[in-house]
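Colleague: Read off the chains here:
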Amino acid sequence: MRREGSPARPRLEYVAATSWRGEVERALARGLRFRCAYAGGEGERSWSALFGDGHEELLLRTFASGDVPAVDSVVDLVEAADWDEREAHDLGAIEFEGRASTRPLLDHSQPSSAWAVPVAGAGVNQVAVGPVHAGIIESGHFRFHVVGERILHVDPQLFYKHRGLERAAEGMRPAAGIAIAQRACGACAVTNSVAFAQACESMLGSVVDEPTRRARTLLIELERLYNHLHDIAAICAGVGFAAGNMAFANLKERALTVNRLLSGHRFLFGSVALGGNEIVPGAPAVEEARARLSELGADIAAAWRALDFAATVQVRLTGAGVLSRERAEELGAVGPAARASGVERDARTYAPLLHYPAFRQARIDRPSGDCSARLRVRAAELATTLETLDDLLQGGVEAGSAVQRANADGAADVGAAVVEGPRGETVCVVEGDGARLRRFHLRTASYANWPALAAATAGELLPDFPLINKSFELCYACVDR
Amino acid sequence: MFVLLEQLRRARRTAALDRSGAIGSCALRHVDCGSCNACEHELTATLGPAYDLQRLGLDLVASPRHADVLLVTGPVTTRMVEPLRAAYAAMPEPRLVAALGDCPLGVGVVADRGALAGPLERILHVDIRIPGCPPTPAEITEALADALARRA
Ligand code: SF4
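Heads up: the protein sequence lines correspond to chains A and B, in order. Using our numbering, the first residue of the first sequence is number 1, and each one after it goes up by one. Using our numbering, the first residue of the second sequence is number 1, and each one after it goes up by one.
Honestly, I wouldn't trust all of these hints.
Have a look at the derived ranges for each label pair, beta carbon to beta carbon [said to hold, decoys possible]:
1) S19(A) / H125(B): 29 to 39 Å
2) R55(B) / E295(A): 41 to 51 Å
3) R55(B) / D76(A): 30 to 40 Å
4) A15(B) / Q394(A): 29 to 39 Å
5) Q110(A) / V107(B): 31 to 41 Å
6) R436(A) / V107(B): 44 to 54 Å
7) E6(B) / G135(A): 20 to 30 Å
8) G92(A) / A90(B): 31 to 41 Å
9) D127(B) / G66(A): 46 to 56 Å
10) R436(A) / V81(B): 52 to 62 Å
11) A100(A) / E6(B): 33 to 43 Å
12) G135(A) / R55(B): 15 to 25 Å
13) E398(A) / V107(B): 24 to 34 Å
14) A90(B) / A100(A): 32 to 42 Å
Derived by calculation from the structure, the hints in this document are not laboratory data. All values derive from a computational prediction rather than experimental measurement. Every residue gets a Cβ at the ideal spot worked out from N, C-alpha and C, and that includes glycine.
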């Protein structure tokens, strides 16, 4: 039984290896969405997939069988599970049967013929870019298959930044594990920390009180504010519009100083704790932050109007890097990138553990799935975020705590959470108990969206890739972990 | 466009940057060796209107072949050792290596030891240390300007 105001704790269901595909199909047919899949938890052979819709969360688990551990692949049923299976293959040595091929994803020891999609034809060439790039960019490699300047296909080879964070968390106390969730990614530090904290709290059977929910929501929206400003600046840079790039970089800088005022850290590090929040700014700081945000909001609105009417910029964005609604759905795209393609999905519309009363999703006129739509979605969301921030600050920020409750939901050695961060839904699953984490899995919005970025790139020109890339502005750090 | 430029003019006035001019010239190249990306955010900010690294004669360049200083972020993953060495090898002499942030200095790193080859000192000699998690744009600017002044 679920209590009012608490999200569904994942229901763990063991499935025989022979009925794995059938059960996955059944979960999807019931309208549950694929959230993540991971190996480990109950030994190396355990293979689990989480499905949910916010109201119901279902964790299916089976065990790989045979001398070489193997399970049936489900990528033909859920294309979004492609990277999850390939990751488990490379890290957990599980074979997936029924796949056309399991190309290496994390395994960098193999030649490009093994991990890149074979593309043949007259005049097809490969262009290799990275892992070190020309600008201040995270490390990652791209293999473009081109004819002239036209991109036929791109294979991103990421995981150069793999730090084994999930493994490092194993055996840790849940309260200590939050440092790992936070450092997974600087730009998503709050989102990942809150997802981790909520997953642990769900596992431990505790619920946080109202002040904590408000403080966490405040932190998440502060994170969204500076990220969206950063992304708009990056898109301007992508089309060589220096004035827009610099103006929005400066607006982002102002948002970072508000972060520092409220939390003591420009990227809000160390502000989320298990069972509470670590920030308790005094009333004068809260007042000052409110005033600065209101001024910032006015300047953002003016800057956006100027950008929206800069015809030379808009014409470069329109029609570039289209992600169709169908592909966005199939690939399981999330966040602003999905919403720009008309997929109206936002975990904030159902977030009982955060504070979004009467949350209204920002909408844009033409969700055309191109760079222009991804820019417009962010601009529209900035307004909602600023409203939410003002509302939260008006009520002040207090220290919160968690209320322990009996484990009435049965075996509770698994917990999960979904949090809508700046780039979309981030999913966290933890297994273990109050003393020790047995498994920690983080599937961030960027992880969900990389295949969508690759899809939006096909058919475009090579020089447009930096722009298309920036219009998604995905992290490498929290994908590589 | 006018609004954007007007906002930038205002930003430049309030930033009140020291305008005594460049103290020399130094080209920087950044290599990410497994950072959380916050160090990159702050490095990017040093080139923005509020800090304007270029006013000191410092600038980021697109290739290690044009660089005097290699700025390294992250705890140095095993997978980034080779690309890091290749970038360093491509630099002309004399060249300096800067550890940007606590991670390459081996401070407060959270990771599975097996996935790391760092700290940076194990791979390359470190000449400039810029601690912080992340160091602020002001701290990065100051550390680089200091290093340039000492050599100038
Ligand atoms: S030093 Fe801190 S901010 Fe910089 S990459 Fe490391 S964890 Fe991130």
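Colleague: Next, verify each hint and record whether it holds.
Modeller: The hints, checked one at a time:
1. S19(A) / H125(B): 29 to 39 Å: violated, 59 Å
2. R55(B) / E295(A): 41 to 51 Å: Violated - the Cβ-Cβ distance for R55(B) and E295(A), about 26 Å, lies outside 41 to 51 Å.
3. R55(B) / D76(A): 30 to 40 Å: violated, 57 Å
4. A15(B) / Q394(A): 29 to 39 Å: holds, 30 Å
5. Q110(A) / V107(B): 31 to 41 Å: holds, 34 Å
6. R436(A) / V107(B): 44 to 54 Å: violated, 26 Å
7. E6(B) / G135(A): 20 to 30 Å: holds, 27 Å
8. G92(A) / A90(B): 31 to 41 Å: At 37 Å between Cβs, range holds.
9. D127(B) / G66(A): 46 to 56 Å: For G66(A) against D127(B), whose Cβ atoms are near 54 Å apart, the range 46 to 56 Å holds.
10. R436(A) / V81(B): 52 to 62 Å: Violated, at about 32 Å.
11. A100(A) / E6(B): 33 to 43 Å: violated, 56 Å
12. G135(A) / R55(B): 15 to 25 Å: For G135(A) and R55(B) the Cβ distance comes to about 20 Å; the hint holds.
13. E398(A) / V107(B): 24 to 34 Å: holds, 33 Å
14. A90(B) / A100(A): 32 to 42 Å: holds, 39 Å
Hint compliance for this structure: hints 1, 2, 3, 6, 10, 11 are not met, and every other hint is.
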